[in-house]
Amino acid sequence: MTKVFIGGSRKITRLSKDVKDRIDNIIQKEYTVLIGDASGADKSVQQYLFDKGYRNVRVFCMGDECRNNIGHWETKHIMGTGAQKGFSYYSTKDLQMAKETDYGFMIWDGKSKGTLNNILNLLKENKKILVYFSQNKEFYKLIIFNDLEKLLAKCDKKSLEIFEVRGSTMNFV
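Just so you know, we're using numbering that gives the first Met the number 0 here: the sequence shown kicks off at 0 and counts up by one.
Honestly, the hints are just simulated from the structure, not real lab data.
Cβ atoms here follow ideal geometry from the backbone N, Cα and C, with glycine treated the same way.
Be a bit skeptical, because a hint or two may be false.
[Claimed, not checked] For each label pair, taking beta carbons as the anchor points, the in silico distance ranges come out as:
{"hint": "1", "residue 1": "E124", "residue 2": "R9", "range": "32 to 38 Å"}
{"hint": "2", "residue 1": "G79", "residue 2": "R9", "range": "17 to 23 Å"}
{"hint": "3", "residue 1": "R54", "residue 2": "T12", "range": "20 to 26 Å"}
{"hint": "4", "residue 1": "E137", "residue 2": "M0", "range": "25 to 31 Å"}
{"hint": "5", "residue 1": "K84", "residue 2": "N24", "range": "32 to 38 Å"}
{"hint": "6", "residue 1": "S38", "residue 2": "Q134", "range": "18 to 24 Å"}
{"hint": "7", "residue 1": "R9", "residue 2": "K123", "range": "18 to 24 Å"}
{"hint": "8", "residue 1": "L159", "residue 2": "E64", "range": "32 to 38 Å"}
{"hint": "9", "residue 1": "D20", "residue 2": "I142", "range": "17 to 23 Å"}
Build out the structure end to end from the sequences listed, making use of the hints.
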């Protein structure tokens, strides 16, 4: 069964018609959706899948509890190390989804370091990714790292500077 990891920025709380159409294609093909439990894009996609009555969903959560599982779908609990619940903690779950999936579908605002990290992890795992870039409401297919560089060129200068600074200290998993 084909699996698609859907994720996105926590600041994205509404799905565009274009994104919904892509999710409808995933539903029509009966792909297994792997999704996180964060607020924002994860929760919005969960709500859309629930409203559509789609059951072929697996929610990945850190630790014993899921923050969001709107459809009461099957869960996969990833155990992290340490008590700190920050970027590194939650990125453990995202890395597992990148490893288990066949494809990625990311809904990105061009600012979320978590979504960028997911894109990087998917590329490292040689997975094809479709990115909906909310800044210009367009889709981008990423297969190799050069494709990501072209997408990053569309980000605003301030975000790029933040990524560069964080990239030197950030531990992309």
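Taking the hints in turn, this is what the structure says about them:
1. Between E124 and R9, the C-beta spacing of about 23 Å breaks the proposed range 32 to 38 Å.
2. The hinted range of 17 to 23 Å is satisfied by G79 and R9, whose Cβ atoms lie roughly 18 Å apart.
3. Between R54 and T12 the Cβ separation comes to about 24 Å, which falls inside the hinted range of 20 to 26 Å.
4. Our hint of 25 to 31 Å for E137 and M0 holds, since their Cβ atoms are close to 29 Å apart.
5. The beta-carbon spacing between K84 and N24, approximately 34 Å, falls within the hinted interval of 32 to 38 Å.
6. Range check, S38 to Q134: about 20 Å between beta-carbon atoms, so the 18 to 24 Å window is met.
7. Separated by about 22 Å at the C-beta atoms, R9 and K123 satisfy the suggested range of 18 to 24 Å.
8. A beta carbon spacing of about 36 Å between L159 and E64 agrees with the range 32 to 38 Å that was offered as a hint.
9. At roughly 22 Å, the beta-carbon separation of D20 and I142 lies within the given 17 to 23 Å, and the hint holds.
Of the hints listed earlier, the one the structure fails to meet is number 1.
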